[in-house]
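Work out the full structure: start from the sequences and follow the hints.
Under the numbering used here, think of the first position of the sequence shown as 82, with each following residue one higher.
Be a bit skeptical, because a hint or two may be false.
List time: in silico SDA-like cross-link candidates among lysine to any residue, alpha-carbon distance up to 20 Å [said to hold, decoys possible]:
#, residue 1, residue 2
1, Lys183, Ser165
2, Lys99, Ser126
3, Lys183, Phe170
4, Lys183, Thr159
5, Lys183, Val147
6, Lys99, Ser114
7, Lys183, Leu169
8, Lys183, Pro145
9, Lys99, Leu122
10, Lys183, Thr155
11, Lys99, Ala87
12, Lys183, Gly148
13, Lys183, Ala142
14, Lys183, Arg150
15, Lys183, Phe166
16, Lys183, Ala171
17, Lys99, Ile116
18, Lys183, Gln168
19, Lys99, Pro120
20, Lys99, Leu113
21, Lys183, Leu152
22, Lys99, Ala118
23, Lys99, Ser83
24, Lys183, Gly161
25, Lys99, Ile112
26, Lys183, Pro172
27, Lys99, Val117
28, Lys183, Thr131
29, Lys99, Ser89
30, Lys99, Val125
31, Lys183, Ser141
32, Lys99, Leu123
33, Lys99, Val88
34, Lys183, Asp153
35, Lys99, Ala119
36, Lys183, Arg146
37, Lys183, Ser160
Simulated from the structure, these hints should not be mistaken for laboratory data.
Model, not experiment: these values are computed from the prediction.
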Amino acid sequence: MSLLLAVSALIFLARGIKRVFGRPRIYRGRILSAIVAAPSLLLVSLVLITFFHARAMPTSAAAPRVGQRALDFTLTDTSGQPVSFDQLFAPAADDPQHTAPKEVLLIFYRGYW
82 MSLLLAVSAL IFLARGIKRV FGRPRIYRGR ILSAIVAAPS LLLVSLVLIT FFHARAMPTS
142 AAAPRVGQRA LDFTLTDTSG QPVSFDQLFA PAADDPQHTA PKEVLLIFYR GYW
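Spelled out as structure tokens, the structure:
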């Protein structure tokens, strides 16, 4: 999304500069337009550089892979009860018909914003 906004800003910036310098008799604010265009161009290029530089980050050798089993840990749930990672893979205690799940999706939220 930010890349799309940066590219559209570049297009509008180029069209505006072309209009100002293409018709100097109609648009007399050439100096002001150049002054406004310089920081705009700097900001757009900063966004583009940041976008492409963020993709070149090195991969971590110790990062967990998709499908790899995570280490066991215990956290408290919203009611204050401890829940361990192994409990998520255990079959339901109240329903013996259901088997233990094969996969678990963990989503961590930052609490106390």
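Going through the hints against the structure:
| no. | hint | in the structure |
| --- | --- | --- |
| 1 | Lys183 <-> Ser165 | 16 Å, holds |
| 2 | Lys99 <-> Ser126 | 19 Å, holds |
| 3 | Lys183 <-> Phe170 | 7 Å, holds |
| 4 | Lys183 <-> Thr159 | 24 Å, violated |
| 5 | Lys183 <-> Val147 | 14 Å, holds |
| 6 | Lys99 <-> Ser114 | 11 Å, holds |
| 7 | Lys183 <-> Leu169 | 10 Å, holds |
| 8 | Lys183 <-> Pro145 | 18 Å, holds |
| 9 | Lys99 <-> Leu122 | 14 Å, holds |
| 10 | Lys183 <-> Thr155 | 19 Å, holds |
| 11 | Lys99 <-> Ala87 | 18 Å, holds |
| 12 | Lys183 <-> Gly148 | 11 Å, holds |
| 13 | Lys183 <-> Ala142 | 25 Å, violated |
| 14 | Lys183 <-> Arg150 | 11 Å, holds |
| 15 | Lys183 <-> Phe166 | 13 Å, holds |
| 16 | Lys183 <-> Ala171 | 10 Å, holds |
| 17 | Lys99 <-> Ile116 | 15 Å, holds |
| 18 | Lys183 <-> Gln168 | 12 Å, holds |
| 19 | Lys99 <-> Pro120 | 17 Å, holds |
| 20 | Lys99 <-> Leu113 | 14 Å, holds |
| 21 | Lys183 <-> Leu152 | 15 Å, holds |
| 22 | Lys99 <-> Ala118 | 11 Å, holds |
| 23 | Lys99 <-> Ser83 | 24 Å, violated |
| 24 | Lys183 <-> Gly161 | 26 Å, violated |
| 25 | Lys99 <-> Ile112 | 13 Å, holds |
| 26 | Lys183 <-> Pro172 | 10 Å, holds |
| 27 | Lys99 <-> Val117 | 14 Å, holds |
| 28 | Lys183 <-> Thr131 | 39 Å, violated |
| 29 | Lys99 <-> Ser89 | 15 Å, holds |
| 30 | Lys99 <-> Val125 | 17 Å, holds |
| 31 | Lys183 <-> Ser141 | 26 Å, violated |
| 32 | Lys99 <-> Leu123 | 18 Å, holds |
| 33 | Lys99 <-> Val88 | 16 Å, holds |
| 34 | Lys183 <-> Asp153 | 15 Å, holds |
| 35 | Lys99 <-> Ala119 | 14 Å, holds |
| 36 | Lys183 <-> Arg146 | 16 Å, holds |
| 37 | Lys183 <-> Ser160 | 26 Å, violated |
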